[in-house]
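Student: Order-wise, the sequence lines are chains A and B. Counting along the first sequence from 1, when you hit position 178 you're at 178 in this note's numbering, and nothing is skipped either side. This note's numbering runs 1000 ahead of the 1-based position in the second sequence.
Note that these hints are calculated values from the structure, not bench results. Any given hint could be a false lead.
Cβ pair distances, simulated, as ranges [said to hold, decoys possible]:
{"hint": "1", "chain 1": "B", "residue 1": "Arg1054", "chain 2": "A", "residue 2": "Leu183", "range": "34 to 44 Å"}
{"hint": "2", "chain 1": "A", "residue 1": "Phe117", "chain 2": "B", "residue 2": "Phe1008", "range": "12 to 22 Å"}
{"hint": "3", "chain 1": "B", "residue 1": "Asp1158", "chain 2": "A", "residue 2": "Glu213", "range": "16 to 26 Å"}
{"hint": "4", "chain 1": "B", "residue 1": "Arg1257", "chain 2": "A", "residue 2": "Gly269", "range": "46 to 56 Å"}
{"hint": "5", "chain 1": "B", "residue 1": "Arg1007", "chain 2": "A", "residue 2": "Leu173", "range": "24 to 34 Å"}
Cβ coordinates follow ideal geometry from the N, Cα and C atoms, glycine included.
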Amino acid sequence: MAETTLATTPSASQEAVPQQGTWLAALTGRLVIIIPYAWLLILFLVPFLIVFKISLSQTAIAMPPYSPTFDLAGGISGLWESFREFSFDNYLWLTEDPLYFNAYVSSVVIAAISTFFALLIGFPIAYGMARAPATVRPLLLMLVILPFWTSFLIRVYAWIGILKPEGLLNQFLIWTGLIDQPLIILNTHSAIFIGIVYSYLPFMVLPLYSALEKMDYSLIEAAQDLGCPPISAFWKITFPLAMPGIVAGCLLVFIPATGEFVIPDLLGGSQTLMIGKTLWNEFFSNRDWPVSSAVAVILLLMLVVPMMFFQQAQAKAQEQGR
Amino acid sequence: MNATWSRFNIASIVLGFAFLYLPIVLLIIFSFNESKLVTVWAGFSTKWYGELFRNQSLMDAAWVTARVGVLSATFATILGTMAALALTRYTRFRGRVLFSGMVFAPLVMPEVITGLSLLLLFVAIGLDRGFLTVTLAHITFSMCFVAVVVQSRLMTFDRSLEEAAMDLGATPVKTFFQITLPVILPAVISGWMLAFTLSLDDLVIASFTSGPGATTLPMKIYSQVRLGVTPEINAACTILIAIVATGVIIASLVNKRREVQRLRDEQAANRG
Chain A
1 MAETTLATTP SASQEAVPQQ GTWLAALTGR LVIIIPYAWL LILFLVPFLI VFKISLSQTA
61 IAMPPYSPTF DLAGGISGLW ESFREFSFDN YLWLTEDPLY FNAYVSSVVI AAISTFFALL
121 IGFPIAYGMA RAPATVRPLL LMLVILPFWT SFLIRVYAWI GILKPEGLLN QFLIWTGLID
181 QPLIILNTHS AIFIGIVYSY LPFMVLPLYS ALEKMDYSLI EAAQDLGCPP ISAFWKITFP
241 LAMPGIVAGC LLVFIPATGE FVIPDLLGGS QTLMIGKTLW NEFFSNRDWP VSSAVAVILL
301 LMLVVPMMFF QQAQAKAQEQ GR
Chain B
1001 MNATWSRFNI ASIVLGFAFL YLPIVLLIIF SFNESKLVTV WAGFSTKWYG ELFRNQSLMD
1061 AAWVTARVGV LSATFATILG TMAALALTRY TRFRGRVLFS GMVFAPLVMP EVITGLSLLL
1121 LFVAIGLDRG FLTVTLAHIT FSMCFVAVVV QSRLMTFDRS LEEAAMDLGA TPVKTFFQIT
1181 LPVILPAVIS GWMLAFTLSL DDLVIASFTS GPGATTLPMK IYSQVRLGVT PEINAACTIL
1241 IAIVATGVII ASLVNKRREV QRLRDEQAAN RG
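In isolation and in its complexed conformation, chain A is listed as follows (with noise of 0.2 Å):
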């Protein structure tokens, strides 16, 4: 319809064309960004908003489990007369009773020797990826992101079959001679280690790989001609190097994995306390909405700073990509 307007009336055609084009870029440009953005802010921004709003409430035996609501009918000095009645005892309540004090610090211990030993693991599988001939490895990177692919719960869910006393492992140990008492491993603290960097391997391995890809390998038969030995040449030019990768992993494995669920709950058993077991407890058995949310915003609170450096590595990565 637009084009045979314009066709019959030639002179207008040109002006108008590129002022409709910028009007059209003006206003395509600005929904690309208005939409995710909206998006966003609507399911992601705000909820953390009424889970920090009700954290501050009262718990309250009804539907929803507390009280009070936000009222906006209320206008401004409703605003202010419900944050008046904002209270921190929740917050209290998780100082005073130490389960929530020692779920804290057992999650971030957990976490962190979990993120060790997938370093620990990673790094040669990486180092060999980027070693190997490059018509290798798309395939070896393929290899690493399959089982990422997979479900999570299947591959914790595999874990219980091969660590249970009577499971695959121990009956190979005692197979083999090694072992005649099956090891105790599934719900300790071990099978939690096993399973976390299990699960989180593959975020480790990825951006440690794209790290070591781009190494000029010639800077370490530099130094080992100039004599340096291997072991001093890897932690002078390799690890420094690898140093981007390094973090975006250790962050990738190590976030996560602080407020990991399915994993202490399903290889951890009771025992365990790790903070994600707590918050979903608190909400689903005890049926404390405002607690689960203090526990969840002090546990954000705890993860601002690594999601800062997380989001920082990000940043940096996209600017060397340009």
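We have chain A; now place chain B onto it with these hints.
Tutor: Frame of chain A; chain B shown alone:
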């Protein structure tokens, strides 16, 4: 020197991949076990697969999961691609820092926090928990993964192609669909697949945001796993793994073929 290094490299790769794959392989093998005892081999049988398909509640859950997956992956791909375009094409706009923060944060956000916060939002606005809320939740967290995948492709994209198209009078929308999208399509497709598998896998966020009548497969599997390992669940997991692995392998083959085709076209163009 070099030989020992490469032997070390090969050993670490082999051991690493054994660690990554052995549990999955064992799970698949024991899904064909005759015995009810999962870890004792008693002969080959496919009876657990038969049991599985007769388990109506498991089948219902699978159907819910498939629908949530397709719907959420599709919307997540659209929104994620938009977000990627916004991040690569508009280097400065008001609130860009907040925007990029909101795109990257969900990648590492513990699922319990995302799940809880979305649930509290749905309760606050009075939306009944069920199929719709799970889908909305899945769109939200998987769109960020799509954005990252597409963004990394857009960064290496040659913008002069777009500029040429616009100079020749194509509208931005037309330029996007005729020039940009075909080039970034492999990334968009793998973004869709990633979003689909994320949705297929998710237990924690679905548990928070789902309601009666919208139990997803991971929720169903989880509730059974808590009672103990059963060969039936092994069979269900094997089928899921088979579906995902087939999808990924087909996608990578298609990608490879497209890449070869593109190289050929480029060579032909250079000769011409």
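Student: Hint by hint, say whether it matches the structure.
Tutor: Now for the hints, and whether the structure bears them out:
At about 38 Å, the CB distance of B/Arg1054 to A/Leu183 agrees with the hint of 34 to 44 Å. For A/Phe117 paired with B/Phe1008, a C-beta distance near 19 Å keeps the hint of 12 to 22 Å intact. Separation of B/Asp1158 from A/Glu213 is about 23 Å and conforms to the stated range, judged on CB atoms against 16 to 26 Å. Between B/Arg1257 and A/Gly269 the C-beta distance comes to about 48 Å, which sits within the given range of 46 to 56 Å.
Checked against the hint of 24 to 34 Å, the C-beta distance between B/Arg1007 and A/Leu173 comes to roughly 27 Å, which is consistent with it.
Of the numbered hints given earlier, the model fails none.
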